[in-house]
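> Each chain, letter by letter, is given below.
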Amino acid sequence: MAEVTTDARGLVKRRLGLRLWLSGGWLLVLTLAAVFAPLLSPHDPLSQDLLGGRIPPMFFPGADPTYPLGTDSLGRDVLARLLYGGRIALIVALVAGLATCVIGSALGLIAGYFRGWPDMVISRLIDIWMAFPPVLFAILLIAVIGPGLTSIILAIVVIDWTRFARVVRAEAMAQGAMDYVASAQVAGRTRAGTMLAEILPNVLPTVVALLTLEMGIAVIVEAILSFVNLSISTDDPTWGGMISEGRTSVYQAWWVLVFPLVCLFLTVLSFSQLGEGLKDRFDPVLR
Amino acid sequence: MTDRPFLEISQLTARLKGSGTPLLRSVDLAVPAGSVHGLVGESGAGKSMIGKAILGILPRSVEVATGAIRLDGTDLQSLPPAERRTRVGALTALIPQDPLTALNPSRRIGPQITDRLVDILGWDRARAVDRARQLLAEVQLPDPDRILRSYPHELSGGQRQRILIAAAFAAEPRLIIADEPTTALDVTVQKQILRLIREMQERHGTAMLFVTHDLGVVSKVCQSLSVLYAGKIVESARVEDFFRAPAHTYSRALLAASPRYTDPHGSLMPVPDEVMQAVRAEVAAFDEGRAAHV
Amino acid sequence: MSEPPSDVLYGVEHLHLSLPDLTRKPLLGPAPRIHILNDLSFTIRRGEVMGIVGGSGSGKSTLGRALVRLLEPTGGHVRFDGTDITHLGEGELRPLRRRFQMIFQDPMSSLNPRRTVGAIIEAPLALHGFDDIARRSAEALDQVGLPRSFARRFPHELSGGQRQRVGIARAIAMRPDFILADEIVSGLDVSSQAQVLNLLEGLVKDLGLTLAFISHDLSVIRRLCQRILVLHRGVIVEEAPSDQLFAAPQAEYTKELLAAIPLPDLDQVWA
Amino acid sequence: MQLARAFLIRLLTTLVTLFGVAVIVFFVIRVVPGNPIAMMLPPGASDADIARLKALYGFDKSIPQQFVIWLSGVLHGDFGTSITRRQPVLDLVLNRLPATIELAGMALIIATIIGGFLALTGTRLRGTKTEAAIDVGSGMALSIPDFLWGLLMILLFGVLWPVLDISGRVTPSLQLPFTTQFYLTESVLRLRFDLWRDIAGHMLMPALALAIPLSAIIGQLLKQSLKETMHLDYVTLARTKGYGENHVILREALRNAILPTLTLIGVQFTFLIGGTVIVERLFSYEGLGNMAIDAVINRDLPLIQGIVIVFALLFTLINLAVDMCYALLNPRLRHG
Chain D
1032 MAEVTTDARG
1042 LVKRRLGLRL
1052 WLSGGWLLVL
1062 TLAAVFAPLL
1072 SPHDPLSQDL
1082 LGGRIPPMFF
1092 PGADPTYPLG
1102 TDSLGRDVLA
1112 RLLYGGRIAL
1122 IVALVAGLAT
1132 CVIGSALGLI
1142 AGYFRGWPDM
1152 VISRLIDIWM
1162 AFPPVLFAIL
1172 LIAVIGPGLT
1182 SIILAIVVID
1192 WTRFARVVRA
1202 EAMAQGAMDY
1212 VASAQVAGRT
1222 RAGTMLAEIL
1232 PNVLPTVVAL
1242 LTLEMGIAVI
1252 VEAILSFVNL
1262 SISTDDPTWG
1272 GMISEGRTSV
1282 YQAWWVLVFP
1292 LVCLFLTVLS
1302 FSQLGEGLKD
1312 RFDPVLR
Chain Y
2 MTDRPFLEIS
12 QLTARLKGSG
22 TPLLRSVDLA
32 VPAGSVHGLV
42 GESGAGKSMI
52 GKAILGILPR
62 SVEVATGAIR
72 LDGTDLQSLP
82 PAERRTRVGA
92 LTALIPQDPL
102 TALNPSRRIG
112 PQITDRLVDI
122 LGWDRARAVD
132 RARQLLAEVQ
142 LPDPDRILRS
152 YPHELSGGQR
162 QRILIAAAFA
172 AEPRLIIADE
182 PTTALDVTVQ
192 KQILRLIREM
202 QERHGTAMLF
212 VTHDLGVVSK
222 VCQSLSVLYA
232 GKIVESARVE
242 DFFRAPAHTY
252 SRALLAASPR
262 YTDPHGSLMP
272 VPDEVMQAVR
282 AEVAAFDEGR
292 AAHV
Chain S
-4 MSEPPSDVLY
6 GVEHLHLSLP
16 DLTRKPLLGP
26 APRIHILNDL
36 SFTIRRGEVM
46 GIVGGSGSGK
56 STLGRALVRL
66 LEPTGGHVRF
76 DGTDITHLGE
86 GELRPLRRRF
96 QMIFQDPMSS
106 LNPRRTVGAI
116 IEAPLALHGF
126 DDIARRSAEA
136 LDQVGLPRSF
146 ARRFPHELSG
156 GQRQRVGIAR
166 AIAMRPDFIL
176 ADEIVSGLDV
186 SSQAQVLNLL
196 EGLVKDLGLT
206 LAFISHDLSV
216 IRRLCQRILV
226 LHRGVIVEEA
236 PSDQLFAAPQ
246 AEYTKELLAA
256 IPLPDLDQVW
266 A
Chain G
23 MQLARAFLIR
33 LLTTLVTLFG
43 VAVIVFFVIR
53 VVPGNPIAMM
63 LPPGASDADI
73 ARLKALYGFD
83 KSIPQQFVIW
93 LSGVLHGDFG
103 TSITRRQPVL
113 DLVLNRLPAT
123 IELAGMALII
133 ATIIGGFLAL
143 TGTRLRGTKT
153 EAAIDVGSGM
163 ALSIPDFLWG
173 LLMILLFGVL
183 WPVLDISGRV
193 TPSLQLPFTT
203 QFYLTESVLR
213 LRFDLWRDIA
223 GHMLMPALAL
233 AIPLSAIIGQ
243 LLKQSLKETM
253 HLDYVTLART
263 KGYGENHVIL
273 REALRNAILP
283 TLTLIGVQFT
293 FLIGGTVIVE
303 RLFSYEGLGN
313 MAIDAVINRD
323 LPLIQGIVIV
333 FALLFTLINL
343 AVDMCYALLN
353 PRLRHG
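Chains as they are written, first to last, in the numbering used here: chain D, 1032 to 1318; chain Y, 2 to 295; chain S, -4 to 266; chain G, 23 to 358.
Derived from the structure by calculation, the hints contain no laboratory data.
Virtual Cβ for every residue (Gly too), placed ideally from N, Cα, C.
Take these hints with a grain of salt, some might be off.
[What the hints assert, rightly or not] Listing some non-contacts, in silico: residues in chain Y with all C-beta distances to chain G over 10 Å:
(1) 11
(2) 99
(3) 145
(4) 239
(5) 240
[What the hints assert, rightly or not] Straight-line Cα separation of at most 35 Å, DSBU-like style, residue types lysine-lysine; simulated pairs:
(6) Y:233 to Y:18
(7) G:249 to Y:233
(8) G:151 to Y:18
(9) Y:18 to D:1310
[What the hints assert, rightly or not] To be clear about the criterion: a stretch of chain G counts as covered by chain D if any three or more of its residues have a C-beta under 8 Å from a C-beta of chain D, and this derived list gives those stretches:
(10) 47 to 53
(11) 172 to 185
(12) 309 to 315
(13) 332 to 339
The following block holds chain D by itself, in its conformation from the complex (with noise of 0.2 Å):
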């Protein structure tokens, strides 16, 4: 019976190892690729040139080889365009997703773990945070505290808190019911104690997980809020500002739409994957 179960998680660990290497992959060369932006970019992001506007990109006809991915309607550099909002989102990911990570899991620890009246309080306020519309929510929220880089972290972080509070709430309260927190309080573990040193190493492998499907989500949000002109401001370049702009003119110039499209599907994708790989790696129970 051991060696079945060897057996099948060996096949899962080579397809899921191939995950883990090609999402890590695509991140890397993200992260790279806006780091070095500036060295990359031919053209500076927001320069227009209006007689150079909808220029098709490489091997279509009239394509203009200092433009690779060719023109917006502006005229400005879809590739720099690109690298550029890859920076946003790649601070969006991870700094939302950390801050949304680190207030989620706490609160849902605590209420998971000690429950009574914390537990009160935190689950009903994540009721109340599931009667929104998310995407309406963090909208309403830009409207309010205004746009900019911080205000869109933050909406994140207040709408997507509950996601990780729910299933550490979760998690936390099946773990609570082992045996082996009643030998540390047996031992003489003070509650505190027992929640850090006994429950998070056991709720980490999950927590690892949905901080990178978040960090996918957030790069997603901010997608949507510069869809609807609510992001940074409408001359940043970002990927959400491209595609709203590409989904007008998607008959004239699909390739201001397909790019940052692409590039949003291979990195919310890789997040997701990337979490699921890692999980299977290092957790010593899977391994």
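We have chain D; now place chains Y, S and G onto it with these hints.
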């Protein structure tokens, strides 16, 4: 009854798909009609595997490599899957281990007893319900009509185990496989259930394969037994002979390891290392012998 | 013959324990209570091995958890070495906790799956300020007959019997006065069962431990215990020295229990 | 009795939740810096005009006072008047809600069919390459949100192979004889399949965009649940009776496997409705979400409040309905 055993297993070998690790090693077994045969061993010895192989419910990762399983002379392994299934359904039944999970929580008790009669054996419904009623009375459950209408959660663990016994005998199977049927129960309830199984088995003249880890239970319900280690039968014997003088050293050690409150110093003895080494060596030698033959 | 009071390690008087039945809680007001333990009084003497036996729902595990104060009794007193621990808060209990330890039924649940065996044994030692923690943990592994290299393994890499040994090692490493063993062999095969029981028997002798051994199996209890407490539906139905209980059981329930055990023995009158 | 009590408690917590939503949205949007009144008046309006209008909408009172007035209005069915559209908020919301409900309903039906099919196929063919493909495919499908699926579909079926309309709810030139806003339902009831085709054609892409992630989630949850159920003793017992694989999955396992997934799917369905906000925007579909974004951009406070409360009401009602279904399907609760 005929001389021929109702259940006859010969040279049954099962292994893991892929790695080919053997799980059953050339098992030979014969259970005459109307007799109870115990299968004993520690966890992983393959005792449940034999019952599963007969019933055709082996895990997907396990395959039967060689050997024959004959029910009433017909080799099941040679039948096409659908025919094998209905034949097994008509001739055998299973009494499972855990009464709490062995009844479908979203279906009423009645259909769970009668479904085999109606769907597989083609009885008409009224006759099947009559039969169910009669069986519930036989397992000493009061108010059969109420029970037939109940859902499993409305009944106690002991009641559910009685229902499972009734359901097992419903189609007058010729062979019943009881897979640790009392392990989940308290010792006082265990006694009642074991007696009930014995009574029913005797009254219906059913052959029975009784899987258990408890030699005490074997001594109370079986006429013969086989001791397994690592998927190999190390000893088969009649119960009278076995408990007077087990032939194999491993059997002896297992008997000495069994709890017996009447003899606190002669029971619960750890299996000596020499015995473990000897039985492991025996299995290894068997594997080599097979390899040499092939 | 009455014992001098210092001989008594645990004194339990009129112990009651009930839990609220939340499934039948009315919309307002408190839930009705389920009475699990009713008026239990007994003592556990220093150095003795006390068996607690009962069927499922007898309250034996609840009693165990009340003794090591994983549960707070709702009435009566539990005295440990003269200190009334019935309602002590966690803070006041902490210094005492080193002295009474527990071994759990299911090692898969009681060993943190994401910590190594070494870390599992060492964590309680560190909490109580022991010196030379690594040596103590290695010695504990020696004492339970596990190779020291097992300290680097995770619980899921061990067999059932080995896991239960880790649970024992964790408890004895603390050098406690008292250990509660709750159904610790019921999940094991008979051969591992015998090994674990032998091990425990030896440790009790060598370390001068006091042991309360909870089990549903009278045969196992008899092997290990000098005195036996029979629990049935939250009440002590019989308390007697081991030999006496098996020779002449007094309570109806005890008789019924003994008569129901199927012995691997053809001469037993059973049916 | 047990059931009634559980239901009462759920109702109470639902009311607390709704009240919480009302409080939060009311106070959050009153921190809005832009002045909605100024936007309504032509440039150069006098201070007196502004004050008069402020009083008309109640903005001259303190925020808690405004809340009490608004809340008592809501309890009487009066959600106030939209500032930009100058119509009662309730009328506006009720006018748009059917479009959103039809869209979400269609998406749910599509998701349930696809998800159920995936789960059953994956269970029937477990251990095969097909199952592995379903796992990998649904794992990827659910990590891509509806917004991206919508964009992908616009590119595929709007531009690359233009077979579907990418904007609106119905072709504007069509004459609609409808008396309600449930266009799709009414077109069927009136047997106007020409209109039905046009409406469904507009709805298909946004509905698919919403349905794909949910179908992957339903597929995964139900398959996982089926897998666990298939290991239970009663399923094994059914096999030994002589039943085949299909019967075992459909009659023994499915019903019990659906129960634990039901509550999870309820939550996921509310996420789907939340997703309509941006998907409606993407496809210029005239539903509630699209109007909500306009309301935020125009700082139409009464309208924002009204829409958010309606969404919250919808979400809590769905969760309540799911719990009721759970209780009805679960014999343990039904005959408790």
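> Checking against the hints above, which ones are violated?
Hint 2 contradicted; others consistent.
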